[in-house]
Structures are given as structure tokens and as C-alpha cells.
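A.B. asks: Residue numbers (this note's numbering), protein chains in the order written: chain A, 2 to 398; chain B, 2 to 398.
Treat each hint with caution, since some may be false.
The list makes no distinction among identical chains, and a pair is therefore deemed to hold if it is satisfied within one copy or across any two copies.
To be verified - Calculated pairs, DSSO-like style, for lysine-lysine (alpha carbon to alpha carbon, straight line, at most 27 Å):
(1) K153 with K341
(2) K186 with K278
(3) K128 with K278
(4) K292 with K8
(5) K153 with K12
(6) K265 with K128
(7) K8 with K341
(8) K341 with K186
(9) K12 with K341
(10) K265 with K210
(11) K186 with K128
(12) K210 with K278
(13) K292 with K186
(14) K210 with K341
The hints are simulated quantities; they were obtained by calculation from the structure and are not laboratory data.
Protein chains: 2
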Amino acid sequence: MRELSVKTDSKIILLVLDGLGGLPLAPSGQTELEAASSPNLDSLAARSDLGLSRPVAAGVSPGSGPGHLALFGYNPLRYVVGRGVLSALGVGFELGQNDLAARLNFATLDESGKISDRRAGRIPSEKGAQLVEMLNENVDLDGVETFVIPEKEYRAVAVFRGEGLSDSLADSDPQRVGLEPLPVKPTDDSPEAERSTALANAFVEQANKILHDQHPANTVLMRGFGMHPGLPSFEEIYELDAAAIASYPMYKGLARLAGMELLKEGEGIVGEFETLKENWDRHDFFFLHVKPTDAAGEDGDFDRKAEVIEEVDAQVPGLLDLGPDALAVTGDHATPALLKSHSWHGVPFLLSSPYTLPTAESFGERTCAGGSLGEFPAEEVMGLLMGHALKLNRYGA
Amino acid sequence: MRELSVKTDSKIILLVLDGLGGLPLAPSGQTELEAASSPNLDSLAARSDLGLSRPVAAGVSPGSGPGHLALFGYNPLRYVVGRGVLSALGVGFELGQNDLAARLNFATLDESGKISDRRAGRIPSEKGAQLVEMLNENVDLDGVETFVIPEKEYRAVAVFRGEGLSDSLADSDPQRVGLEPLPVKPTDDSPEAERSTALANAFVEQANKILHDQHPANTVLMRGFGMHPGLPSFEEIYELDAAAIASYPMYKGLARLAGMELLKEGEGIVGEFETLKENWDRHDFFFLHVKPTDAAGEDGDFDRKAEVIEEVDAQVPGLLDLGPDALAVTGDHATPALLKSHSWHGVPFLLSSPYTLPTAESFGERTCAGGSLGEFPAEEVMGLLMGHALKLNRYGA
Numbered sequence: 002m003r004e005l006s007v008k009t010d011s012k013i014i015l016l017v018l019d020g021l022g023g024l025p026l027a028p029s030g031q032t033e034l035e036a037a038s039s040p041n042l043d044s045l046a047a048r049s050d051l052g053l054s055r056p057v058a059a060g061v062s063p064g065s066g067p068g069h070l071a072l073f074g075y076n077p078l079r080y081v082v083g084r085g086v087l088s089a090l091g092v093g094f095e096l097g098q099n100d101l102a103a104r105l106n107f108a109t110l111d112e113s114g115k116i117s118d119r120r121a122g123r124i125p126s127e128k129g130a131q132l133v134e135m136l137n138e139n140v141d142l143d144g145v146e147t148f149v150i151p152e153k154e155y156r157a158v159a160v161f162r163g164e165g166l167s168d169s170l171a172d173s174d175p176q177r178v179g180l181e182p183l184p185v186k187p188t189d190d191s192p193e194a195e196r197s198t199a200l201a202n203a204f205v206e207q208a209n210k211i212l213h214d215q216h217p218a219n220t221v222l223m224r225g226f227g228m229h230p231g232l233p234s235f236e237e238i239y240e241l242d243a244a245a246i247a248s249y250p251m252y253k254g255l256a257r258l259a260g261m262e263l264l265k266e267g268e269g270i271v272g273e274f275e276t277l278k279e280n281w282d283r284h285d286f287f288f289l290h291v292k293p294t295d296a297a298g299e300d301g302d303f304d305r306k307a308e309v310i311e312e313v314d315a316q317v318p319g320l321l322d323l324g325p326d327a328l329a330v331t332g333d334h335a336t337p338a339l340l341k342s343h344s345w346h347g348v349p350f351l352l353s354s355p356y357t358l359p360t361a362e363s364f365g366e367r368t369c370a371g372g373s374l375g376e377f378p379a380e381e382v383m384g385l386l387m388g389h390a391l392k393l394n395r396y397g398a
Numbered sequence: 002m003r004e005l006s007v008k009t010d011s012k013i014i015l016l017v018l019d020g021l022g023g024l025p026l027a028p029s030g031q032t033e034l035e036a037a038s039s040p041n042l043d044s045l046a047a048r049s050d051l052g053l054s055r056p057v058a059a060g061v062s063p064g065s066g067p068g069h070l071a072l073f074g075y076n077p078l079r080y081v082v083g084r085g086v087l088s089a090l091g092v093g094f095e096l097g098q099n100d101l102a103a104r105l106n107f108a109t110l111d112e113s114g115k116i117s118d119r120r121a122g123r124i125p126s127e128k129g130a131q132l133v134e135m136l137n138e139n140v141d142l143d144g145v146e147t148f149v150i151p152e153k154e155y156r157a158v159a160v161f162r163g164e165g166l167s168d169s170l171a172d173s174d175p176q177r178v179g180l181e182p183l184p185v186k187p188t189d190d191s192p193e194a195e196r197s198t199a200l201a202n203a204f205v206e207q208a209n210k211i212l213h214d215q216h217p218a219n220t221v222l223m224r225g226f227g228m229h230p231g232l233p234s235f236e237e238i239y240e241l242d243a244a245a246i247a248s249y250p251m252y253k254g255l256a257r258l259a260g261m262e263l264l265k266e267g268e269g270i271v272g273e274f275e276t277l278k279e280n281w282d283r284h285d286f287f288f289l290h291v292k293p294t295d296a297a298g299e300d301g302d303f304d305r306k307a308e309v310i311e312e313v314d315a316q317v318p319g320l321l322d323l324g325p326d327a328l329a330v331t332g333d334h335a336t337p338a339l340l341k342s343h344s345w346h347g348v349p350f351l352l353s354s355p356y357t358l359p360t361a362e363s364f365g366e367r368t369c370a371g372g373s374l375g376e377f378p379a380e381e382v383m384g385l386l387m388g389h390a391l392k393l394n395r396y397g398a
């Protein structure tokens, strides 16, 4: 891709409805997308290439990290975004290339030093924030800066910033009560892992002292150590000046990992589309992320998910008025209301450009299954968009 | 494949319509293949496996080299055919395993030694041939034989034949006027690259002396250094005695790279099919290449491309009369008249054998998209043909 990509005036939009893919739910027998009244997407589908994208592997339900990495063209098995990194992105922390991040749970140790509650009685978020402040004020580790950022209730994120760190570390959280916390251990024998191990254990030790009188939250458990995945940027790979419009910190963070510029989004779905329009002249690639489809799917709310799709559908004419050279509408994974969770199913994918082979009159899981793109790895989405926007040189003579 | 392939009496035909894949062009909404009146191919499709083959990667438009290598079962990203090699094949030069080939442009140097015209005023082909003769008569390089072969106008091919050469060389052509030609430089630090660099620079130096008084063509620029890709032959991999019928030197050359025997083709498309019939008893694999589909696509001539398909269609009954055990009809890439160029789109693929799962009544991009083979890498075509011809042993017990 690096060798073939060329800078041109053409413009690309990647519109992601989080968790778009669905499943039939009785009695209609239709999926959320099939049941939604979406005349604009249907009309677009009739002029588009359709397919089902597979985020990671057969049967595998992806998290948001791998789901988006694949859509952005990165192999989600090669580029791993640790949970600590996702959490740091999720709280809006600007993660640096050398930062080591981990998730923190405030937890309860009994007098014998064993864990009696892995969630410290689900302390309220305000209490969690106070404890985080105590840690930030008092933790002092040799040679690194330490940042602790509250998430929600008993959850927080810890970030160590310094040279020569590694995320080859095993969790301190034994995942069960009645056991002592594990010492953090290195999972390889590099000096970086050894140093990071020492830092993590020193952090826990200092936290135990600082939190000593804070029953029930008198210790921290660390898990999901992760470092910045060091993705090559969209500019490096595709020569694209990419911008992202997303309302949730985690998706903003994922876009930042790919080197996209974050645009300040307006209010709600309509506001996000307005932001795209206002910035149309300033970039040649736009990633627009719509979250509520996924939230409705997670809630098992079939009708609300369909309504969100209808709300997006109403924005499609305005998007087309901009005249994008290639436009993809898809999801990062399926979140069927039937399952109330992310799932492994193929994700409806629509690609509109002047160079398509339309096969159906509507946008839905089943028309996509019969589309000209068939089932294909989500990792190929960027190649397709680049090809359709005529931004790739020929390979070979 | 090497381990599974067995010699049998069954026979395979791979019929390649260059640039077969197309796109709908208003007002019919049909592609070239869909619009063509091809009753024989349609009838064959109704007894065949259908699919869309992908030559290289999503969104990537392949050149003829990678497109054919993939159809012949070679990974087109692993086996790279340099431009110099393709040019040598294109002029009918029988490239040896140790030959180093490069493209030559006759160009114009001004008094200060800078390039004033990279194409030497587009000298006529006769003049180019004269200059090539001067080079062939007068260039004398240490330890290698040198061949210069005219292409067209200001273009030629240079081949160095000798032991210990390498194509890890960067072009001397700076791709812009107003600059001095670059000295050829090695791109790795092998002794072969060093030696080849010295040879290439000595060649340019001698050419400059020989051409000194030949304004405007008073120098040569070298680019696209390439060596024989060293493909394992069809006999080695598949135990096939393969023959090729092609009317253009480049495709003959690609077939030779795979170890196919070149059959002397008759006149035009009909003549090519006649050649196949005449040689039916002498080989067990036939690659038949039809060029004019691609040429029509490149010209943006939708109707002519459809007519070429019709011309091929008329030859299908004769082909079937031979009783091939497995017959594939496909292209090396798409060349939609809409785009007037090679494109990245899936290529219609039809495989006829007694062991197929028919899904449609006609041969077209959309019936292929819905076919039992789905979208698949072109690199798998040879495996499919070998399987359908019952030439592969079972894998594992």
C-alpha cells in the first residue's frame, strides 16, 4: 500500500455505525438494518458494491479496538491494542509512543492480605476520583512519570511514562477472591520487562501504603498492561490527510493511533454530520463514528437500534451532496439485539463510487451476503476505498 | 501442490480473455460480458462453478505480469517480474535464468550534461533500431554478453548475460528533465549488486560515447532492472506438460517463465483455437490467451469488447468437442471500458468439469459474484483446475 498510494484530490468517507450488524429477531424475521426504514441507504445500495466484512476471524467477536484497527487497514492480530491502552484512550488520555498503560481496580484486602472484594464494594465514582488524586499526589517512581486517571466507580487507568518500558507483564489481579494479589511478573526476559515489572510492583507497594486506611478500597489490582501499538499513520501508508469525527473518547483515541486529526464534533448524530460538512475542504479522508447503534444492540433494544439507523439514513443525502469519490457505510462488528453483545457475524458493508457492480435494491445483511464483494476481511476495506477513489497505482507492469 | 500432483491422462484448458472483467456502463446497466450475446458461455456457465477471482489484493489493479503469475498459481507478491524482464519478454527475447534486463530510453543531454528530453524527441522506431544496432556493435563489457533490443520509438531493452548478476539496482532515470542522469546505484551490499552496478554504469558510459553525435538521442536512461524470477515450472509443481498459445510476445514470455512450451499460433482468435485443436494430443495443459478484450477495454470501447467476447463464444463448442476434463474461462484482471484501464475489480471465473455446483444460467460478473466459488484469490485457480481434473492426491489420511 505504501508503494502504491498516491496523493490525489479525491475524497473518501468511512462511515462506521458501531455494532451495525444484526440478526433476525422474531416475529419479523428481519435484522435491525433490514427492519429499519432507510430509503436513502437502500437507494445508495442499489448503486453500490455490497459485501459482508469479517473483523478478525471466523466465529470471533471483536472488541472495539480490533474492530476499528481492521477497518483502518491494520491487521488486528498483528497490531494488538492492550486493554490498558484502550482504557487510557477511553478516558481521553493522550498516550505517547513510550507510555505503558494498565487498568486499575480498587479492591479490598483483608487482614491476612487476601483479596476479599475485587471491586472494593463498587465504591462510587466520586470516591474513586478522590483515591486517584491521592495516588497522583503521593506515588513517586524512579525515572518515570506516573499518571492515574479515574474511569468509573472502582476502575481507573495507570500510565507510566519513560524510556525503555515494556508491556510484557502479567496481571497482578488473580481474578478470584480469597487469594493474595500476584506480584507482577515479566513474560519475557528483556531488560525492559524487568524494569517495568519493578515499576509496577513498586507502584502497587506505594499504593498499598497510601490507601492503607481507605477501607474498603485499600489496594489496587493491575491488569491489561499495554503500550502504544506504534501504528504507521494514514499519511505514511496512504498519503491521506485523515480526520476523525467521534463522540466517545475511545474511538477518538483509536483514530489518533492511526494519526487522524480529531475534529470537534457537534451535538449528537446530526452534529457529527454537520462537523464533517464544515470540514469537507480541509481533509481527504473522513472517519465518522456513530455510537448509539452499538449501545442499543448491547441493551437488546432492536427497535431503538433500527431507529438510530433511520436517524443516520436521514443524513445520507447531505453526505452525498458533498460528492465523496468513495464512501463506505459499515460497522466495526455486529451487535445483534438478539445477543445483547458484540458478535462474530459478518458486518454489512456498502461501498459507493462511480465504479461499482450493484447487485441489490436495499442495504441489509442478506443483500450484502449476496453482494459482489462477498465475505471479506475488514482489513481490506481501506484497500477497496483507495482503489475506488483512484488513489492506488497499478501493481506490476 | 508438488506433493499432491499426479500425472494422469486428463487434460486442462485455461482460457484467458485479457482484461475480461468489466463494469456497468449506462444506459444498459450491464457489463461488457453481461451485454455480450454469448449463448455458448452462458450454457456452459449453467453447468459450471462460478466465482470472482481477485488477482493481487483488495483495491489493487494488477499489471499483466502479476495478473498472469497469479493465474499460473504463483504468488504475485512473492514472485516479482521486474519491468525490464517484462519488456524483454515483450520483445520476444528468450530470457535466461542469469540474465539481467533493464528498460532503456534514448534521451537528450544538453551541453551541461543535464537531461533536456527524456524521450529524445520521440525518435521514430527506425531511428531507434539504428541506434540499437550501433550499441550492439560497439558496446563491450567485461565478462558479460550484452544484448540491446529495440521496442518502439525511443524505447529499448538491455540484457546483460553472465554469472553473478543482481537486479538490486536503482534506476539511472531521474524521471525529470533539467537534472543529470543518476549513476546506477546498488540497493543492497551484495558483491553481485556491486558488479552489476559497475556493468550498468560502464554500459551508460560507453553508450554516451557511441551516441555522442546522435542528437537528439545522445544518451540512454536505464530503469526497471529485473532478473528472471526463477519460477518453478509447471512440470515441477503440477507434473503437467503445459503448452501456451498467445499472440503477443509478453504473454508468450510469461508462459515461458512458467516452463510452458510455446505453440505457433494461427491467425487471430480463430487461429489460436485452431492451434489448440491441432496440438490437443501433445500436451495435458493448455493456456490460451486472447488479447483484444483488454485492448478494447483500454480504448473505452464497450461494444468492441463485447464483440470480442462474442467471437470467443463462437469458439467454445469446438473447445468442448475436444473433451477437456477441466476448463476455466476467466481473465487476468478487469479492464472496464468505463475506466479505460486495468482495474482492481473481481474477475469473472467459470470452471467446467463433471464435478461442479452450478448456480446460474449465464456467465457474467453478477452471476459469478453469486457463484459457488464466491470471491477468491486468482492464485487458487490452478489448484481448482488440478482438483477438477482429478490430478491431486488426497491430503492426509
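A.B. asks: Tell me the numbers of any earlier hints that the structure contravenes, in ascending order.
C.D. replies: Of the numbered hints given earlier, those the structure breaks are 2, 3, 4, 5, 6, 8, 10, 11, 12, 13, 14, listed in rising order.
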